[in-house]
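> Sequence:
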Amino acid sequence: MATALEKYTAIQAEIKQQLALVENKVADYAASCKGETINWGQVGDLSSTLERLKEITHVEE
Numbered sequence: 001m002a003t004a005l006e007k008y009t010a011i012q013a014e015i016k017q018q019l020a021l022v023e024n025k026v027a028d029y030a031a032s033c034k035g036e037t038i039n040w041g042q043v044g045d046l047s048s049t050l051e052r053l054k055e056i057t058h059v060e061e
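The sequence shown begins at 1 in my numbering and counts up by one.
Quick caveat, the hints were computed from the structure, so don't treat them as lab data.
As the structure is a prediction and not an experimental result, all values here were calculated from the model.
There could be a bad hint or two in this list.
Each computed EDC-like pair below joins lysine to aspartate or glutamate, with the alpha-carbon atoms no more than 20 Å apart [said to hold, decoys possible]:
no., residue 1, residue 2
1, Lys-7, Glu-55
2, Lys-16, Glu-51
3, Lys-25, Glu-36
4, Lys-34, Asp-45
Estimated spans, in silico, between C-beta atoms of each pair [stated by the list, open to error]:
no., residue 1, residue 2, range
5, Ser-48, Ala-4, 24 to 30 Å
6, Leu-5, Glu-51, 24 to 30 Å
7, Leu-53, Ala-30, 17 to 23 Å
8, Ala-4, Leu-50, 21 to 27 Å
9, Lys-7, Ser-47, 22 to 28 Å
10, Thr-9, Arg-52, 14 to 20 Å
11, Trp-40, Gln-17, 23 to 29 Å
12, Leu-5, Lys-54, 18 to 24 Å
13, Glu-6, Ser-32, 23 to 29 Å
14, Tyr-8, Glu-51, 19 to 25 Å
15, Glu-36, Glu-6, 44 to 50 Å
Glycine is no exception: its CB is placed at the ideal position from the N, C-alpha and C atoms.
Based on the provided sequences and hints, a complete structural model is requested.
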């Protein structure tokens with residue numbers, strides 16, 4: 001059974017990984033747009049990633 005510190009450390013690592021993924025996706029999307037129409041599929045991908053961040057930051061007591 002994992003200790004609270006181990007759980008916290010694992011969650012923190014996943015948050016950092018997900019945030020890096022979001023940053024990369026935003027940068028890729030911004031580079032690809034350059035005055036073009038919004039790609040709603042890409043926006044959906046970002047939304048899914050942000051939802052995952054919300055899920056992993058919710059820690060039940």
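> Determine for every hint whether it applies to the structure shown.
To see whether the hints hold, each was checked on the structure:
1. Lys-7 to Glu-55: holds, 14 Å
2. Lys-16 to Glu-51: holds, 14 Å
3. Lys-25 to Glu-36: holds, 17 Å
4. Lys-34 to Asp-45: holds, 19 Å
5. Ser-48 to Ala-4: 24 to 30 Å: holds, 28 Å
6. Leu-5 to Glu-51: 24 to 30 Å: Between Leu-5 and Glu-51, where Cβ atoms are some 26 Å apart, the hint holds.
7. Leu-53 to Ala-30: 17 to 23 Å: For Ala-30 against Leu-53, whose Cβ atoms are near 19 Å apart, the range 17 to 23 Å holds.
8. Ala-4 to Leu-50: 21 to 27 Å: Since Ala-4 and Leu-50 have Cβ atoms about 26 Å apart, the given range 21 to 27 Å holds.
9. Lys-7 to Ser-47: 22 to 28 Å: holds, 26 Å
10. Thr-9 to Arg-52: 14 to 20 Å: holds, 18 Å
11. Trp-40 to Gln-17: 23 to 29 Å: Hint holds: Cβ distance 25 Å, inside 23 to 29 Å.
12. Leu-5 to Lys-54: 18 to 24 Å: holds, 23 Å
13. Glu-6 to Ser-32: 23 to 29 Å: violated, 39 Å
14. Tyr-8 to Glu-51: 19 to 25 Å: Given a distance of about 21 Å, which is inside 19 to 25 Å, the answer is holds.
15. Glu-36 to Glu-6: 44 to 50 Å: Cβ of Glu-36 to Cβ of Glu-6: about 45 Å, so the range 44 to 50 Å holds.
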